[in-house]
Amino acid sequence: MGMVMGTGTGTGAGTGVAAGIGTHMDTGIDLRPLLTVDDLTIEIGGAHVVDGVSFAVLPGQVMALVGESGCGKSLTAFAMLGLLPPAAKRRAGKILLEDTDLAAFSERQLRKARGKDISIIFQEPSASLDPLTTVGTQIAGAYRQHNSVSQRVALAKARDMLVAVGIPDPDRRLHQYPFELSGGMCQRIMIAIALICDPRVLVADEPTTALDVTIQAQILDVMKKLVAERGTSIVLITHDMGVVADIADHVAVMYAGRIAEIAPVRDLFRQPAHPYTALLLASVPKLDHAPKADLATIEGSVPQPHEFGVGCRFVERCPLATQKCRDEQPPLFARGPEHRAACWHSDRIGEITGVAA
Amino acid sequence: MSADLGNVLEVRDVAVHFEGRGGMFSRSSHTVKAVNGVDLVIKPGETVALVGESGCGKSTLSNAIVGLQKPTAGSIRIGGDEVVGASRQQLNDIRRKVQMIFQDPALSLDPRSTVGATIGEPLTVRGIVKGQALKERVGQLLTQVGLRAEHADRYPHQFSGGQRQRIVIARALALEPELVVCDEPVSALDVSVRAQILNLLVALQKRTGVSYLFVSHDLAVVRHICDRVVVMYLGRFVEMADRDTFFANPKHPYTRALMSAVPEADPEVQRGKQRFILTGELPSPSNIPTGCAFHTRCPLATDICSHVRPELTPRADGALVACHHA
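Same order as they appear, the protein sequences are chains U and B. Taking my numbering, the leading residue of the first sequence gets 12, the next gets one more, and so forth. Taking my numbering, the leading residue of the second sequence gets 24, the next gets one more, and so forth.
If you're looking for bench data, these hints aren't it; they were derived computationally from the structure. No residue lacks a Cβ here, since even glycine has one placed at the ideal position from N, Cα and C. All clues stand as given, with none of them false.
Residues from chain B that face chain U, not an exhaustive set, calculated with beta carbons under 7 Å:
#1 E76
#2 V214
#3 A218
#4 Q219
#5 L221
#6 H240
#7 H247
#8 P286
#9 D289
In silico lysine-lysine, PhoX-like type, Cα no more than 25 Å apart, as pairs:
#10 K123(U) with K168(U)
#11 K105(U) with K127(U)
#12 K120(B) with K93(B)
#13 K235(U) with K127(U)
#14 K236(U) with K296(B)
#15 K66(B) with K93(B)
#16 K153(B) with K120(B)
#17 K66(B) with K229(B)
#18 K120(B) with K303(U)
#19 K229(B) with K120(B)
#20 K123(U) with K105(U)
#21 K235(U) with K296(B)
#22 K168(U) with K236(U)
#23 K168(U) with K127(U)
#24 K303(U) with K229(B)
#25 K120(B) with K66(B)
#26 K66(B) with K303(U)
#27 K229(B) with K297(U)
#28 K235(U) with K168(U)
#29 K296(B) with K297(U)
#30 K120(B) with K158(B)
Looking at chain B on its own, in the form it has when it is part of the complex:
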């Protein structure tokens, strides 16, 4: 597989394993396979949703993409540059092209720094601008996210949750990245504010052409903002499709269970819909079931599912699905 220079992100066969030890008195050690061989491509201006439950490996994968976590195997290219095995200097350059937004803005801002210092930091650290030009650039970034230039002198505690997330977004945009990894960017926000931030992310993408990897469990939000959807279960992708195909015709039983579990904000739709409730819980990533990892909770599971792991295979409508029976 040769690298396509036009892609913002190319993830090839990436695995992230953690060597765990048992408890204090346990002699055995075990490996937690948080991410277990995934491929993902994101094009310029595209928004891809990464969907799954806690423990499925979506945050580990995001961390690997922004260089916060070293993969055990595989290749991650951002704008054509290889992240895995890159030197410190190379990583520094690559990180300019990829930024991250976390769930809770209160935790991602330094309470002792003014908003201006926080947003300007990536620019000063890299010596891109300083003095009056820096001040102007910070003002620009603040206006871009719907705040005012004079807010630069204030501290995070003087802002509401939604405004803080705007500040975090302004900082992420300061270096004009090609890719922003958004890890549940609106989950901690109140409903009315959520819509403001989603509108902002869409508007910024239209203006700058930035790509998003949008990690979320909220399928309504995903349907609204994303072009393509990837579903992850216990370290692997189980379904990947463009938005319309995905929502019109979900195929993997896990995807269908997720969709049925998300309550629709409409009593008629919600109470009329066919329920497909999973029993049991996500198995531990240190002890992943053999064959298809989902077979322990799957209503369609047969004998083959516990022995043979299904590969992602293309379907007639273009979706990729890893299931023997879907």
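Bound-form chain U, shown alone:
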């Protein structure tokens, strides 16, 4: 267990790793994190666009990485599979699948791991499928990548996967091309491809953002079922707090490359401890909100990487900011069991939530 608890870097970001295991340790149940991202730092053009990001995911749990465009959530996801774009360089950090550090893998080793140990699905399914190959062949191909079996056996396996992701009439669908399927169907095919080798971790990058809400609900249900039946751990990248509320066990809120707050899902929504989280939650219209009344807003916009200062990166937009926030980066302080927030002034959070409530 020491390996997950250690790693306290100067920034204190490493302490976030503990989120997700604390209570289980107390009960003595041995639930070791399946995936541990430890102090991940990614540089683009001299700026740390992902800066000391750490979190851990238990088997069969969903960790949501939430944040707005440019917060580094997708880069974090890509880094987990060794899929960073050429301009992005990993400067530090480990991606531990149990005790194995994927970040230290060669490209050859990564190819073996992708699909089998860790898989990814992207936002736009039609852009990820080969338009010239039937979906059956694509799913079977993913299986044969890691298993020496005949095409016939692989196709039978692919058919089972179609059933598992809820595609009706699988025998006909196997022989169809992506253009013959709707967006929701294509996303199910992507999930089938990602899961056919039974990976232990699934990274889902905005998997439902391009879909209609009724189809989104179906896809989220498929994902929940897979977690329950196969014990797959999911790292879900999203900006939709509704999706988070629906499916996540833990949430890491990212802002400008850093984790601002990390907590079990209910604690995060009930008692946000970082001003950014609080404002983000208050800016979403709620059931009890008076119609057309002003919504809470966050003034300004996310800083560009070249504008990052030495202190808290939210300082320019934060209603609680003081000089200390400008001068010193806040570490992730414990705010409850498994709940951490990188803010010097979490005790004053009522000044925001009080107004927003």
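Given chain U's structure and the hints, the job is docking chain B onto it.
Below, chain B alone, put in the same frame as chain U:
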């Protein structure tokens, strides 16, 4: 039905059909009935939400209302003036009264034009103001949407997504329209920016009395900003009600499915709520099911639903619902 001059928008029995051909080798042709007989009235200062999934016809209807798409049948009046069959000159005058805001501001702004030129264009084209007066009016519009007058000399790429949507809104307001059709105006924006734009739209309505037709799939946003809600499925309206009635007591099974599908940003509410998940997908608008178009996915469907199309009928609380069983 006589035209009420007090209404900003009157849509009567509008249909938009597209004659489609099959594939390259197909001999048969088919008609896509994107909009299939809808009625809608919007009053001054009112915000009406048009809700539905991709392919339901909501964008085709919006395009018909702003004159970008000719309806196959029916009448569309804006401020009392008939759009359908109007001459070019008449359309020009009518278009002054209705403007549109699209989803992605990056795609609705000319990257080579300064913001000032973009916002001023509708005014110069119509010869309304020029010279110093134009500059002042553009400055006014920019301030009205929360930007600064000196931003007029900058280009779209120098602004963030939220600021660009403000520019688009300023341009839409330049001619002081009576109706602005907002097609998913905040869907492409980040959450924190979304709230800014929604607040702005509400504030502008209070100040100018403009009406909005608000096309959206986000029911939380709809509940926040709209006075009345219309739900569209495969080219027809299936439910229409004022906001409070609509959200307190949704009636059509499709409406209830939509509401249950939108995840509430609150884990307690979301995980405690009764789920009503639809199976299957939206049928193709070129092959709309007989009877009630929703019967293929509807948990309440009975025999009558596949034969007889339910009309929109009023219910005790004022809602209009097209369902045999709701």
